[in-house]
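**Q** Letter by letter, the chains look like this.
Number of protein chains: 2
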Amino acid sequence: MGMLQKCTRLSLRSTYMWSVCPQYSTAVAARETQDRALIVQWTQHRGVHNSRRLGANPVNPSAAPPRLPFSRVTQEDLSFFRALLPGRTITDPDLLKSSNVDWLKTVQGSSDVLLRPKTAEEVSEVLRYCNERNLAVCPQGGNTGLVGGSVPVFDEIILSTSLMNQVIAFDNISGILTCQAGCVLENLSHYLEERDFIMPLDLGAKGSCHIGGNVSTNAGGLRLLRYGSLRGTVLGLEVVLADGRVLNCLATLRKDNTGYDLKQLFIGSEGTLGVITAVSILCPRKPKAVNVAFLECPFYIIIETAGSNATHDEEKLHHFLEEVMTSSLVTDGTVATEATKIKALWSLRERVTEALTHEGYTYKYDISLPVGKIYDLVQDMRRHLGDMAKNVVGYGHVGDGNLHLNITSSSKDPALLAAIEPYVYEWTSQWKGSISAEHGLGLKKRNYIYYSKPSEAVALMGSIKAMLDPKGILNPYKTLPDNIN
Amino acid sequence: MGMLQKCTRLSLRSTYMWSVCPQYSTAVAARETQDRALIVQWTQHRGVHNSRRLGANPVNPSAAPPRLPFSRVTQEDLSFFRALLPGRTITDPDLLKSSNVDWLKTVQGSSDVLLRPKTAEEVSEVLRYCNERNLAVCPQGGNTGLVGGSVPVFDEIILSTSLMNQVIAFDNISGILTCQAGCVLENLSHYLEERDFIMPLDLGAKGSCHIGGNVSTNAGGLRLLRYGSLRGTVLGLEVVLADGRVLNCLATLRKDNTGYDLKQLFIGSEGTLGVITAVSILCPRKPKAVNVAFLECPFYIIIETAGSNATHDEEKLHHFLEEVMTSSLVTDGTVATEATKIKALWSLRERVTEALTHEGYTYKYDISLPVGKIYDLVQDMRRHLGDMAKNVVGYGHVGDGNLHLNITSSSKDPALLAAIEPYVYEWTSQWKGSISAEHGLGLKKRNYIYYSKPSEAVALMGSIKAMLDPKGILNPYKTLPDNIN
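Protein chains in written order, with this note's numbering: chain A, 7 to 491; chain B, 7 to 491.
Misleading hints may appear alongside valid ones.
Reference excerpt, derived from the structure (chain A facing chain B, CB under 7 Å, subset only) [what the hints assert, rightly or not]:
#	residue
1	139
2	199
3	263
4	265
5	266
6	374
7	467
Think of the hints as simulated: they come from the structure by calculation, not from any bench. Where a beta carbon is used, it is the ideal one built from N, C-alpha and C, also for glycine.
Based on the sequences and whatever the hints tell you, model everything.
**A** Right, here's the structure in full:
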């Protein structure tokens with residue numbers, strides 16, 4: 007872990023680590039030279055305790071619960087929507103297909119209606135109506151989520167932000183951007199780069215994901231280590247509540263201590279408390295110098311530096327590399343400063359997810375652990391699963407203590423799943439980690455929340471949900487566990 | 007504003023600007039060479055609208071409302087507290103004096119009981135009892151607040167965090183510190199500096215203020231520009247709710263997306279929703295090189311740089327200074343790298359508040375504005391008040407768009423106050439600023455909240471308060487306005 011420890015001490019833009027399956031050209035085999043003995047005292051108590059609390063499906067807590075007694079969409083409802091959103095009330099099954107299934111093709115909904123409002127006022131009208139009619143609504147951005155949070159589970163109306171894609175304002179003194187929720191992250195990046203700024207977040211899904219979805223899921227990504235979380239960089243939100251009230255907290259101030267910071271309720275609550283319709287966000291200056299180092303040791307590591315002076319940054323990086331090579335922490339590597347080579351190095355990382363899809367079926371876990379423990383879970387899981395799994399692959403964000411654990415098999419395998427869960431959650435809980443570092447809970451992880459949150463906290467979540475959305479129409483079956491004490 | 011604009015583009019640790027009254031040796035006269043014409047179209051509408059909403063005292067909305075019908079402390083209550091906190095249940099009027107009045111001596115309470123718990127369990131017992139008995143409680147840290155938020159208004163029981171002053175853990179890989187709420191900020195700074203880290207926040211009041219109070223008020227301070235707000239750096243909280251429930255959200259993870267981020271509710275809510283008993287916070291590495299530049303132009307500006315390489319930082323600073331001197335943005339200045347000289351330069355800024363107390367009485371405002379507007383308010387206020395004020399002084403955090411506006415007179419002057427308020431709030435509201443950037447609302451600013459927050463947001467604040475503290479025993483008369491729609 008010496009290397010990992012070292013990396014976290016640097017003031018870097020992002021630090022990546024991964025080891026991947028050897029079969030694919032986009033990924034390279036991890037060489038683990040020092041598989042250290044794992045000494046883990048298992049306490050089964052918490053797991054047993056938790057398993058009692060799981061939902062309607064004790065065999066697979068990730069599966070959908072029974073449909074809740076919401077109304078079903080009638081012809082009268084469709085007439086209302088068509089009058090409100092002419093040409094933007096989609097009912098053609100072919101056009102609805104891609105919105106009914108998640109990117110991983112693991113959750114399949116059966117919604118008959120997709121609405122595409124352009125303004126907060128239209129969202130307000132839709133929600134006021136749905137709340138009165140007791141119609142369930144699934145807000146959807148770029149539909150790039152990994153936990154089944156952005157697709158309907160049953161026949162919820164899909165409320166898409168895709169046409170809410172306008173930049174509202176940009177202040178090139180403060181770097182504060184205000185835009186609608188449906189702006190695609192990559193488009194915002196291009197917009198800002200032309201103005202000598204960058205977005206404070208960057209993700210593999212940037213070409214599709216919406217900023218509103220990023221905020222709703224409190225997306226982490228590649229720049230968190232350098233620019234901090236969205237809880238610090240998001241300065242304001244406009245949100246439509248379940249009953250149609252518009253909450254305008256779209257401030258563009260770095261400091262505002264006038265009462266409770268309500269916008270925080272909607273960051274990371276996955277559309278269960280309100281629909282984000284606009285965002286203001288603090289954007290950093292575009293760095294003048296960028297270096298990307300790709301290093302080999304027992305792990306492959308990507309380090310990106312970003313600064314204002316190329317000579318200074320190269321000197322610092324050179325000094326660091328000299329130190330880690332001399333001390334044999336690193337055995338080999340390459341450094342890139344040109345955009346094309348930088349892109350090529352990053353694509354090695356960004357294509358890992360895609361590469362894994364070729365294995366057949368992937369069980370995905372997104373875990374936070376104390377940095378010193380981050381890879382122990384991969385090694386222990388390999389021993390624990392033995393031949394049952396095709397591959398146990400660990401990559402992630404070292405500096406953030408965030409491990410993406412991927413376990414592959416030729417096809418869906420209930421026996422393998424039973425060996426993984428709740429083992430992986432118990433392991434994480436044992437080290438006070440998070441069972442969802444950046445992906446959220448969505449449908450799939452909702453019932454595992456007690457591994458990372460005490461029951462008092464989950465109960466309070468339930469109270470907040472009941473306060474803001476008493477009929478529970480907003481993104482039902484997501485985030486909150488089926489049973490709240 | 008050229009200089010100000012310039013400063014915000016640098017990657018600096020902190021940027022300060024001020025102009026102060028010429029009478030005091032600790033402060034130097036501002037020379038405003040370019041008082042530009044102010045073109046402000048006043049819209050009185052919002053001010054009129056808001057003034058209708060003000061509380062029980064229409065003449066002075068900062069004043070205390072009538073006492074609410076809480077129980078009064080009985081001998082039986084005292085017996086309970088003495089049994090729970092032997093030797094730590096203070097009733098001696100002399101010992102209570104300093105806890106009954108705020109640092110500015112503008113709010114005077116009349117509490118007869120000061121409790122000094124050492125653990126969250128003791129806080130829990132106290133609150134459970136007070137909630138059952140309907141006894142009001144005023145949580146108190148270092149009592150350094152400027153808006154009357156940390157002292158009782160009437161006879162509320164004072165719940166002090168001063169004996170909850172233990173460091174619980176520090177991880178020198180991740181830089182994550184976990185400690186009790188009553189740790190003094192400066193003590194934590196010393197603790198960390200010995201371990202080659204620093205706190206992500208620094209304030210003038212560091213010698214007295216408690217970290218729990220800092221978090222409860224979402225303190226800003228000198229390092230916000232560089233390390234971001236507490237909403238990003240605070241990773242976990244332990245909080246005792248009004249009914250005594252202990253909410254353990256004391257995570258030490260940089261990423262955790264398992265449900266709603268409940269700790270955010272307690273950051274900046276000024277003890278009205280719960281009592282923070284422990285904090286975990288992400289601390290940056292101690293910088294290896296620090297430079298402080300003190301520059302003169304129309305304004306005095308302090309710029310602090312912090313980096314890992316002294317030569318690089320000096321080179322960058324030198325380059326910047328050359329540019330601003332050549333272009334006449336800056337006329338004169340000095341740069342310090344030694345600790346004593348750095349301290350001397352900072353003390354010029356840190357002693358402004360103290361210097362102002364010599365003027366007699368100070369009306370203090372803590373305003374956020376778009377950076378380009380930050381000093382216009384000072385100039386306009388001078389014109390507006392004319393001879394009524396002794397001095398109109400503006401200083402603050404340029405990079406954060408945060409102006410500390412101080413208006414002095416020989417003694418309290420109702421006519422002056424009437425000329426300042428609501429004028430200053432209307433001005434701020436006009437530019438979509440915040441009427442409390444970092445000081446909070448406390449008692450004094452509670453009724454002005456509508457100048458910065460829409461009524462829907464204030465109503466939602468009221469719902470949250472009712473949910474978490476249905477009897478309203480926690481820090482009553484603070485933060486929330488007297489009348490909520």
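**Q** Each hint should be assessed against the structure and marked as holding or not.
**A** Status of the hints after comparison with the structure:
no.	hint	verdict
1	139	violated, 22 Å
2	199	violated, 16 Å
3	263	holds, 5 Å
4	265	holds, 5 Å
5	266	holds, 5 Å
6	374	holds, 4 Å
7	467	holds, 5 Å
Figure legend: structure checked against the earlier numbered hints; hints not met, in rising order: 1, 2.
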